[in-house]
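For this one, chain Y is given, so just place chain D on it according to the hints.
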Amino acid sequence: MIQFVADGIVNAALIALGAIGLSMTYNILRFANFAQGEILTIGAYFTLLVLGVLGFGIGAMGPVAFGWPLLASIVVAVGTTSIIVLIVDWLLFRQLRDKNASRITFIMAAFGVSLMGRNLITLVAGGEPKYFDFYIPKTFELLPGMKVRPDDLAIVAIAVIAFIILFAFMNRTSMGRQMRAVAENPTLARINGIDVRAVIRWTWIIGASLATIAGALLAHNTQLRPEMGFDMLLPMFAALILGGANNLYGTILGAIVVGLTEALAVYVGLSGYRAAVTFLVMIAFLMVRPQGILGEKE
Amino acid sequence: MEGGLSFLIFFLIFASFYSLSSLGLNLQWGFTGLFNVGIVGFFAIGAYTSAILTGPPYADTLFGGFGLWFPLGFVGAMVTSGVAAFIVGFVTLRLREDFLAISTFGIAVSIQLVALNFESLTRGPNGMYSLPRPLAGYFDSSTLDNLLYLIMCLLIIAGVYWAFERMVRSPWGRVLRSIRDDEIAAAALGKNVFAVRLQSFVVGSAVMGLAGALYANFIGFISPLDFIPIFTFQVFVMLIVGGSGNNLGALLGGLVVWGLWSGSDQLIASILPPTIQTQAAAARIVLIGFVLAVMLLYRPEGILRERRIVSREARLPNRE
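Chains as they are written, first to last, in this note's numbering: chain Y, 1 to 298; chain D, 1 to 320.
Incorrect hints may appear among the rest.
[What the hints assert, rightly or not] According to the in silico footprint, chain Y covers these stretches of chain D (three or more CB under 8 Å from chain Y):
hint: 1; stretch: 90-97
hint: 2; stretch: 105-115
hint: 3; stretch: 263-277
[To be verified] If you want a taste of the chain Y side facing chain D, the calculated C-beta under 7 Å gives, among others:
hint: 4; residue: A109
hint: 5; residue: L123
hint: 6; residue: I283
hint: 7; residue: M287
FYI, nobody ran anything at the bench for these hints, they're computed from the structure.
Note that beta-carbon positions come from the ideal geometry of N, C-alpha and C, so glycine has one too.
The following block holds chain Y by itself, in its conformation from the complex (with noise of 0.2 Å):
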């Protein structure tokens, strides 16, 4: 029975990195990043790529089956993803700000950077499902009827090291400050000289690293395919809007409610149901409280 929330966990974590970068985007870009998927996917790719030159395979940490080789690949993908985000919105969302184009115009942008993004992979490197490398997952019972992979735990700690840092960058740097300053009122912000390209820039750059480390270990869990960021992106946007779009915090305790949900939904057999039972709780949360838990009336 308490084996869900063992899954449920690892499901919220992954989900909660990515959907750390929708918030961003959504708070200080101020739209919904239909394109976000794409990032964990390009993260995950970016990952293979790199984990095939060094040739080290995954490598292993004591009980863990993956080592210094991945985490290595994943800290060179984060700098590469970051790379191409920025050259999209420079190409793209820049352009679309300096026209003053609505949100919906950003949004439909976003979808086809998504739509586009998915079959570039595709097309670069193939349709078919890849691996990083082969391993055998071991299990072993963390608490009574509660079986865990050491893979699981290194997973959410890596979660929770990247938002100790993520919370510690938004609450006590001047960049993180100013971020919350430009989410809470860009043209104050600007008044008083923030620079607000700046901002987005770290904005982009913040939720494409996470968004790349949750790419990466969902491939390492599952499987690398041109879809797999797509397919995360309705669980991300239920952690945005069940926690409260407006709070990051909110965003986390959003993504353990829809991760348990989830696995809750597997659980009771309607494993095929996952984004739809996610779905109904989220059009269930927004009649109740549209504002999500931690979140404040706009």
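This is chain D only, laid out in the frame that chain Y set:
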């Protein structure tokens, strides 16, 4: 000659599914500014509804196979997709516009899962086959049968076009555009922004459902693989290229983009070896995305601009 004609008829029948969806989207996006990312979801609801209502009974389903007269299937398709739109719209149309986009995306994903997994209703991945084709069998030639179907599609499109033109020229249509252009001003004038948006969203989605029903009954076979997100994207590109806010533009965009799409399909199939055709199909989607990006940046009004529609009473006599 016969081959060319029958290809043209086939092409136009398919173009009419897209043009009708694009017309539905135009009411939502072109006139009301509602961003629907789940067009394929409403199209699929319509297709499955008509398949269940008009289709034959299957040994492995628990519900459906009513074999009803096809207009009932079409009406049923509009009702179910309209009801789905009402639920989504009722929950999200009061909120920030992103929420409608996210929820419509969610409904498209969910509908696909239901189609794939709810086997006792939809037969899952096996699909629903032997759906009756309306108006078939009056002639010996399948070309003439298709021509008759095409005429029916064109009549339906003409009817929807006429109705939409009436609607957007009416006071209600002016409220739609005022909401799109300045929601707060519309609310300040005492217009019920939420109700009007919901009406526009439901009517537009019902038309998408009707397009889905026309598709299902023409092809005679539907499976979850027919309803993928690329459809939503195609319809959006059609409307943007044709000119959102212009009903004729919506129809024209459907024809033009479907022409480019199926033309490039023929080209890829004829000049490229089969081994790289998956990649070529992917490249084509990238290209279409590029067209959309360029349109959004440099000609957001599309081929046909939106016409300025002024109330009859407000028109100056010497401008007539």
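Consistency of the hints with the structure:
Against chain Y, the stretch 90-97 of chain D contributes 6 residues with a C-beta closer than 8 Å to a partner C-beta. That satisfies the three-residue criterion, and the hint holds. With a threshold of 8 Å between beta carbons, the proposed coverage of the stretch 105-115 of chain D by chain Y holds, since 7 of its residues qualify and at least three are required. For the stretch 263-277 of chain D, the assignment as covered by chain Y is violated, since 0 residues bring a beta-carbon within under 8 Å of that chain's beta-carbons and 3 are needed. Here the hint on A109/Y is kept, as its CB sits about 6 Å from the closest CB of chain D, short of 7 Å.
Checking L123/Y against chain D: minimum C-beta separation of about 4 Å stays under 7 Å; hint holds. The closest approach between the C-beta of I283/Y and any C-beta of chain D is roughly 6 Å, which is under the 7 Å cut-off, so the hint is satisfied. The closest approach between the C-beta of M287/Y and any C-beta of chain D is roughly 5 Å, which is under the 7 Å cut-off, so the hint is satisfied.
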